Amino acid sequence: MKKIAFLTICFFLWCCAPCKLSKTDYPVVEKKARIVSLDKNMVKKAFFSGGKYDENGEGVVEYFYDQINIYLDYKDDERNLPYRVDAIVFDGTEKKTVDSTRIEIMKTELGAGLVIQKRFYGSEKRLIIFVYPDERMENKKTLEFILEQKSEKTWHSKCIDSYYQL
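To convert a position in the sequence shown, counted from 1, into my numbering, add 1.
Worth flagging that the hints you see were computed from the coordinates, not collected in a lab. In this text the structure is predicted, and so the values were computed from the model without any measurement. Check before you lean on any hint, since a few could be wrong.
To be verified - Listed next, the in silico DSSO-like pairs over lysine-lysine satisfying Cα-Cα at most 30 Å (straight line):
1. K3 / K97
2. K126 / K53
3. K141 / K53
4. K41 / K4
5. K119 / K41
6. K151 / K46
7. K126 / K141
8. K45 / K151
9. K32 / K151
10. K96 / K45
11. K119 / K154
12. K142 / K33
13. K126 / K97
14. K41 / K154
15. K32 / K3
16. K3 / K119
17. K46 / K97
18. K45 / K4
19. K53 / K3
20. K33 / K45
21. K4 / K151
22. K32 / K141
23. K126 / K3
24. K154 / K141
25. K41 / K97
26. K45 / K126
27. K46 / K3
28. K41 / K142
29. K96 / K151
30. K4 / K46
31. K96 / K108
32. K141 / K41
33. K154 / K108
34. K32 / K53
35. K97 / K108
36. K119 / K142
37. K97 / K154
38. K46 / K108
Hey, can you work out the whole structure from these sequences and the hints?
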């Protein structure tokens, strides 16, 4: 076991020794996202999930979250799923409606599950969801979520990235 650990460390040093001398670092904006405020009466759990690295407007590689998972404590007389769900994202100046094809409603072990697939940018602060229990549009329930994303600029090495891909 000690020999395997020793060989692994030697291999790591052999692969990464030239990295310190090379100029292959590039800036990356890492993000940590969380949902600060939500309606505890109707929402069991809500969190950001899924995302990928892409270039932002300044040409810097940035991590963008692509979806939010929400589990509702939803009970209706006949069904366990809402009839329809609409969502709006508000960034402080303008409201953007989320396309209804990007919202999935599914039955899960935790209750009614909503998956909203949309790229979330750092400027978006609020998510408003309208849940319609049946065909009548006047019975809608409004859920408001306050989103928080903290960005941090870090540096990645192309050498280390290639080592991780081994």
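Evaluated hints:
1. K3 / K97: Violated - the C-alpha atoms of K97 and K3 are around 57 Å apart, more than 30 Å.
2. K126 / K53: Within the cut-off at roughly 20 Å; holds.
3. K141 / K53: 33 Å, violated
4. K41 / K4: 53 Å, violated
5. K119 / K41: Roughly 23 Å separates the two Cα atoms, so the pair holds.
6. K151 / K46: Holds: K151 and K46 sit about 21 Å apart, inside 30 Å.
7. K126 / K141: 22 Å, holds
8. K45 / K151: 24 Å, holds
9. K32 / K151: 6 Å, holds
10. K96 / K45: Holds. K96 to K45 sits at ~26 Å (cutoff 30 Å).
11. K119 / K154: With Cα atoms ~23 Å apart, K119 and K154 stay inside 30 Å; holds.
12. K142 / K33: 29 Å, holds
13. K126 / K97: 12 Å, holds
14. K41 / K154: 33 Å, violated
15. K32 / K3: Roughly 37 Å between the alpha carbons, so the hint for K32 and K3 is violated.
16. K3 / K119: 47 Å, violated
17. K46 / K97: Holds, at roughly 24 Å.
18. K45 / K4: 49 Å, violated
19. K53 / K3: Violated, at roughly 37 Å.
20. K33 / K45: Distance ~21 Å between K33 and K45 Cα, so the pair holds.
21. K4 / K151: 42 Å, violated
22. K32 / K141: Given pair K32, K141 is violated - Cα atoms ~33 Å apart, limit 30 Å.
23. K126 / K3: Status violated; Cα separation ~51 Å.
24. K154 / K141: Distance of about 41 Å is beyond 30 Å: violated.
25. K41 / K97: 25 Å, holds
26. K45 / K126: 21 Å, holds
27. K46 / K3: Violated, at roughly 44 Å.
28. K41 / K142: Measuring from Cα to Cα gives roughly 14 Å; hence the hint holds.
29. K96 / K151: 21 Å, holds
30. K4 / K46: 46 Å, violated
31. K96 / K108: Holds: K96 and K108 sit about 29 Å apart, inside 30 Å.
32. K141 / K41: At roughly 17 Å apart (the allowed maximum being 30 Å), K41 and K141 satisfy the hint.
33. K154 / K108: This hinted pair is violated, its Cα atoms lying about 39 Å apart.
34. K32 / K53: Given pair K32, K53 holds - Cα atoms ~11 Å apart, limit 30 Å.
35. K97 / K108: Distance of about 27 Å is within 30 Å: holds.
36. K119 / K142: 22 Å, holds
37. K97 / K154: 27 Å, holds
38. K46 / K108: Roughly 14 Å separates the two Cα atoms, so the pair holds.
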